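S.K.: Residues 2 to 248 (the working numbering) make up the sequence shown, in order.
In short, the hints are calculated from the structure, not lab data. All values reported here derive from a predicted model rather than from experimental measurement. Only true hints are included.
Straight-line Cα separation of at most 30 Å, DSS-like style, residue types lysine-lysine; simulated pairs: (1) Lys66 x Lys33; (2) Lys171 x Lys160; (3) Lys244 x Lys41; (4) Lys61 x Lys13; (5) Lys61 x Lys33; (6) Lys48 x Lys81; (7) Lys33 x Lys69; (8) Lys33 x Lys81; (9) Lys48 x Lys61; (10) Lys41 x Lys69; (11) Lys244 x Lys171; (12) Lys173 x Lys160; (13) Lys41 x Lys66; (14) Lys61 x Lys41; (15) Lys13 x Lys33; (16) Lys173 x Lys244; (17) Lys69 x Lys48; (18) Lys13 x Lys48; (19) Lys61 x Lys81; (20) Lys48 x Lys33; (21) Lys13 x Lys81; (22) Lys244 x Lys160; (23) Lys66 x Lys48; (24) Lys66 x Lys13; (25) Lys33 x Lys244; (26) Lys69 x Lys13; (27) Lys81 x Lys66; (28) Lys41 x Lys13.
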Amino acid sequence: FINSLLAPPGGKQADVNIFTIASGHLYERFMKIMITSVMKNTGSTVKFWLIENYMSPELKEQLPKLSKHYGFEYELLMYKWPLWLQNQRERQRTIWGYKILFLDVLFPQNLSKVIFVDADQVVRTDMINLVNEDLNDAPYGYTPMCESREGMDGFRFWKTGFWQEALGDKYKYHISALYVVDLNRFREIAAGDLLRQQYRILSRDPESLSNLDQDLPNSLQHFLPIHSLDQSWLWCETWCDDKSLVE
Numbered sequence: 002f003i004n005s006l007l008a009p010p011g012g013k014q015a016d017v018n019i020f021t022i023a024s025g026h027l028y029e030r031f032m033k034i035m036i037t038s039v040m041k042n043t044g045s046t047v048k049f050w051l052i053e054n055y056m057s058p059e060l061k062e063q064l065p066k067l068s069k070h071y072g073f074e075y076e077l078l079m080y081k082w083p084l085w086l087q088n089q090r091e092r093q094r095t096i097w098g099y100k101i102l103f104l105d106v107l108f109p110q111n112l113s114k115v116i117f118v119d120a121d122q123v124v125r126t127d128m129i130n131l132v133n134e135d136l137n138d139a140p141y142g143y144t145p146m147c148e149s150r151e152g153m154d155g156f157r158f159w160k161t162g163f164w165q166e167a168l169g170d171k172y173k174y175h176i177s178a179l180y181v182v183d184l185n186r187f188r189e190i191a192a193g194d195l196l197r198q199q200y201r202i203l204s205r206d207p208e209s210l211s212n213l214d215q216d217l218p219n220s221l222q223h224f225l226p227i228h229s230l231d232q233s234w235l236w237c238e239t240w241c242d243d244k245s246l247v248e
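All chains, full assembly: derive it from the sequences and hints.
M.R.: This is the structure:
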């Protein structure tokens, strides 16, 4: 947090800034594929922001070579979960927390927009288009959960129970595998404080926040609006039918 406050205000940032987390050798391999796919589909300058907490020594050694080969910048972020915030017992859930709870303090103050991409995603388009997406004053933009695969109709949890009542007809349930954050707007409206406050309330119940990084922002849409990205930004085989996959 102190480092982000003391970061020099000047200095040009890359055109595309991507934030991701990889835990374990399998997801580190996935992450290298994701990085490759990003670089093969853009002519813009790219910088990757990587959480160092769970990174293997092998990946740290490989990053300079990957950076030189594909022509991207990268920066390692080390952030310790604060003592005053309820911790998670499971490692995966802690990683989910890092995806959403500290966006206002992880990055330098002169970084205006960042895109989160899950390590196991494959990018098939130029990410500069998402950087230029108009979020209509929302702090972030997510893709709504797809509903076109008919065989999954009975498994859409956001259509029943708590989520049906909480979202109603006004709000959509969004997926967190990829999202874009307007950091200036995010800080301006103290979105980080609202997310952490909501997390402190909901995390008291161990049965809540089963998908922490998704449930948290979706549950706060009444106060923190989510800009719904076009469905084409994120195709998920589980929920989207084959016809909806844009070649």
